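Participant: Take a look at the letters that make up each chain.
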Amino acid sequence: MTEQPGTPAAPPPPTAAAPTTAAATAVVGGDIGGGAGAAASLWRDAWGELRRRPTFWISMTIMLVMSAMAAFPGLFTGRGANDRCDVREAKRAPASWNPFAGGDHPFGTDAHGCDYWAQVVHGTRAPIVIGFSVTAISLLIAVTLGSLAGHYGGRLDALISRITDVFFGLPLLLGALVVLTAFPAHGVGAVVLALGLFWWTSMTRLMRGQVIAVRDADYVQAARMLGAGDVRIMVRHILPNAIAPVFVFATLNVGVVIGSEATLDFLGVGLQYPSVSWGLQLREAQDIFVDQPYLLAYPAIFLTATVLSFLLLGDAVRDALDPRLR
Amino acid sequence: MTELARRTRWAAGLAALALTAAACSGDGDKDDGDAKAKTFTVANQEPGHLAPGAANDSYGIRVVNALFDRLTRLDKSGMVVNEDAESITSTDQKTWTIKVKPGRTFHNGEPVTAQSYVDAWNAAAYGPNAWDNNYYFGNIAGYDALNPEDPDGDGPQDAPKPKTDKMSGLKVLDRQTFTVKLTDPFSQFPLTLAFTGFAPMPKAATKDLKAFDQRPIGNGPFMISGSGWQHNKQITTQKFAGYRGSRPAHADGLVFKTYASRDAAYTDLLANRVDILETIPPAKVREARRLLGNRFVTTPGGTMDYLEFPLYDKRFQNRDLRYAISRSINRQAIVDAVFNGAFRPTGTIVAPIVPGYRPNACGLICMYDSRPAKKFFEKAGGFSGTLELWFSNADPSYEQWMTDVANQLKQNLGIKNIRFRKVPQADYLSNLTDHKATGPYRANWVMDYPSAENYLTPRCGPSNRQGYDGKECMALIRKGNRAKSIAESVRYYQRAETVLLKDLPVIPLWNWQEQGGYSKNIGNVNFDSYEAGGGVHYDQVTVK
Amino acid sequence: MVPVLLGTTLFIYVLVFALPGDPIRALAGEKPLPDSVYRALREHYHLDDPLLVQYGRYLFGVLFRGDFGETFNGQSVGQLIADSWTVTAQLAATAWIFELVVGMSLGVWAGLRRGGFADAAVLGGTTVAIAIPSFVLAYSAQLVFGLKLGWFPTAGTDDGWPMSYLLPGMVVAAAELGYVARLTRTSLVENMRADYVRTAVAKGLPRRRVVVRHTLRNSLIPVVTYLGTQIGYFMAGSIIVEGIFNLPGVGHELWLALQIKEGPTIVGIVTFLVLIYLFANLVVDLLYGVLDPRIRYD
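Order-wise, the sequence lines are chains Z, C and V.
Per the working numbering, the very first residue in the first sequence carries number 7; after that it's consecutive.
Per the working numbering, the very first residue in the second sequence carries number 3; after that it's consecutive.
Per the working numbering, the very first residue in the third sequence carries number 9; after that it's consecutive.
Treat the hints with care, since some could be wrong.
[Said to hold, decoys possible] With a straight-line cut-off of 20 Å between C-alpha atoms, the simulated EDC-like cross-links for lysine to aspartate or glutamate are: (1) Lys209/C to Asp146/C; (2) Lys165/C to Asp43/V; (3) Lys212/C to Asp203/V.
[Unchecked claim] If you only want the chain C side, here are some residues facing chain V, beta carbon under 8 Å, derived: (4) Pro49; (5) Arg275; (6) Val299.
Keep in mind that the hints were calculated from the coordinates and are not lab data.
The model shown is predicted, which means the values in this text are computed figures rather than measured ones.
C-beta: ideal position from N, C-alpha, C; glycine also.
Start from the sequences and build out the full structure, keeping to the hints where you can.
Facilitator: Written as structure tokens, this is what we have:
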């Protein structure tokens, strides 16, 4: 089937575990890379545009705070992960809804008697690491396969596209389950691998479409006539002009991956003790949130804020890169 | 979804099953299209089978119990009384003579005879039928001929087809009388006959067992009606007008509504859209107590949770290490946190509702105290390497209490490196029976019949999963099996339990309490620990 | 299309084969499973054959006998798919209608008031809806609108369509609303700047007429195609929402089958989903051609 660059790409993988990457393509919207001029000025203009947007700064702030928590949890809490938990102290609600009001447990304690604030802080690292790693892996696969398919076309394109189709139609959960069972401990690395192996399809299609849109542009033809080799044309002329929407997609994608990781945890097939993650906390909260709503609320707020910051950032970058919307 | 709610198509361990709830439906009238019929609904999950010989999950057993009477049943104190049987007698506990009451019929009008029982038992014991309750017939003489061994194990050769489909130990003497010859004396035999797997089967069923499994013809207070078993939706039954037994139905009909999860069923119960839910999720207990008031009922259960050790792994052969682990687990605190205090911490292998139960038979070793725990741990020389805790993914509560166990072992014994092995339920039990566990694992036992023997044999017997040398314990159990009376047998079983608890290849944790609830639409809802498959006497329920 | 389908089914078969665990031994639960029963069951479900033989047998059954295999409790997988499919289709229809009506209305509203409060509110609100995990949304909706307020049934399909499907349908649609609203808005904004609109306005046509007669129609092309792909997506069901609301749809059946490694069910459902996805793609491709004559097919 034909692929139309710049149109909403295919539907998300059936029964994928969460809001899916492909839907994000719709947000990416119009064809940005197609026939653009000098790439450098595009990015410079975009930055000038970005600086003026409040959503950009809001999302950057959330992201910075979350990254700090992920990298240096010790700055935020004196406890380690699963540290000094006493099950006799389980499910103590926070003394006040204001976490700054003081007290031993500003967020209360969880179902195992662990300090919930410490657990939520430590729960930041896994989702963020997984979000970025999975996106990086998919980006690598997508750029490689997408460029090859788009640039060379013909049989190679057909082969890559069919393989993409096969993976695309596969429920993410089935794939993830199979991969994860190979790693009994279900750590961060296993989850990254499981998601990364099945996550690249939408991005690859997008990349291929972009490359097709750019490869016949006059300046590429000109370069080819001047005798530039395939690699040089690809790296110097096609990639810089084709990658912008893929890049935006990737930013949005980090948020979507984080949501999916939480869903895998929620389903009980993702991370496991001793890992700590918002998804695991939500999983434990589901049975008791009627009596202990704070157990659901805190990780849900942190998770939503993080995902939101990536969505807003991707949005802002998209708008900034698309001159027609200014 | 708590886990995404799971409907197990077949039992993934009776254990897991018991946890799951049955829920009831609101208004059965609608289902029948008959405005006057007084029917009620029970929440269930999709059963694996409905033929008594094949139904081995609690969802199926619950239905079979409503559809079939057996030779015996259990009274309110767990004592065995005759139902379909007029008498069950034996002089040597090995050959049993059973007289079936005349005048009782199946739902299709066929009389219940001695032959009905013999046919049903032979069908269940016949290997190629692949009925899941096959193993319950293993102690009847002639069972082996129906289940020949494969000459080369997993090899290319196929096992020979059994030469006969009839057990030599079953003999019909006359229309209403038959004898059963067992391979070994077994004083508890009449108790086992109350299990749904021993229900009779009419002649009409023997021709097409598969059809019988989908639409069983029983002899109990309710009979399959209407569209019967609509998979993943419901099973409809109506009162059996020709019923002559001791538990006639009060309501006009009973519908088993299939739920994807007990959580979904519980939500429906709160909304009065279902009449009976026999197993409210433990996590919801506090909320249910508040919202349902006196329509929330707790009954002692026969199900036990244990932590078993893989003694085939050298690291766990040191008894002091097992003692240390047992003493560092605060059972009461875990029960309070995970099960809202609804379960009962135990220091016994045998459940409290079983005759012969002795409170805390285990003594101090099963009581939490971190200091002696640490002493045992040091005496054992500590623990090196990663401690892996095994459990299945069948229910989220396993992971919750294992987390607490892990935290306590970390805190009280200082074991730093603790990891989980959460195994898919399809894989879990085979890992254990194949001796592949690399650390302490969750074990669970659902009572088949209220006898200590039922709890002890699987843990002491030659094929026990822990790799435990249970010769001493097993010898005492055998003595109990040969005893002339139940009372005498109990004394031997108690001694066997003491031996087992001293060696402690199994740590007792807690005993389940069944928490059920019912809607405003029905009355006379009697929960009973000994009622098969669930807890409520469906026959006694009245519809308002 | 055929190679993709064959490739997918084989791939799924390999994956299911790779799932750990012996489903037959799990059948026995905590009780011992006599060897004779074990062998009889393995033979019955053809689990004793090599992978390729199993696959070949499966393919043969599907292609020549329309037989999709049997579940472990003796149900035909074809029937299971048909039953669960009707549930999922009703859920999908509800979600889709909700997304169509609400999403497009929000998008048009935001687009017409671009830069204003309405615009920001729609963009912000729908983005938050995307960011909230669907299970949090589902549980909250069930608790508040089902149990506390009693506006909707809490779970199950007893009340039939549409009542039983309204709440879950909204939860499924909520996460997707944002995309439709945005797409509608972007497309509308772009079209408002188009030359033909300027011409119409310059000619002195009232703004309302310009919007309704000219802009809206043209700007809905990408939205319609997007919604087309969404049908396929919704038809895949939702493991999470179907589970929480006790709807026995395909997503939920797939999840259950995965847990017990019920091969025929997994392969059947996934193949079916791939078919739907391929079909939806085909329809969308054709739709492009119909709606936008500029698109050429090579």
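Participant: Now tell me, hint by hint, if it's right for this structure.
Facilitator: Evaluation of the provided hints:
With a CA separation close to 23 Å, the supplied pair Lys209/C and Asp146/C exceeds the 20 Å bound. Proposed proximity of Lys165/C and Asp43/V is supported: the alpha carbons are some 17 Å apart, at most 20 Å. A threshold of 20 Å between alpha carbons decides the hint, and for Lys212/C with Asp203/V the separation of about 72 Å lies outside it, so the pair is violated. At a threshold of 8 Å, the smallest CB-CB gap from Pro49/C to chain V is about 7 Å, leaving the interface hint in force.
Interface hint status for Arg275/C: upheld, as the beta-carbon distance to the closest one in chain V is roughly 7 Å, under 8 Å. Taking 8 Å as the C-beta contact cut-off toward chain V, the hint placing Val299/C at the interface is violated, the least distance being around 21 Å.
Checked against the numbered hints above, the structure breaks hints 1, 3 and 6 and satisfies the rest.
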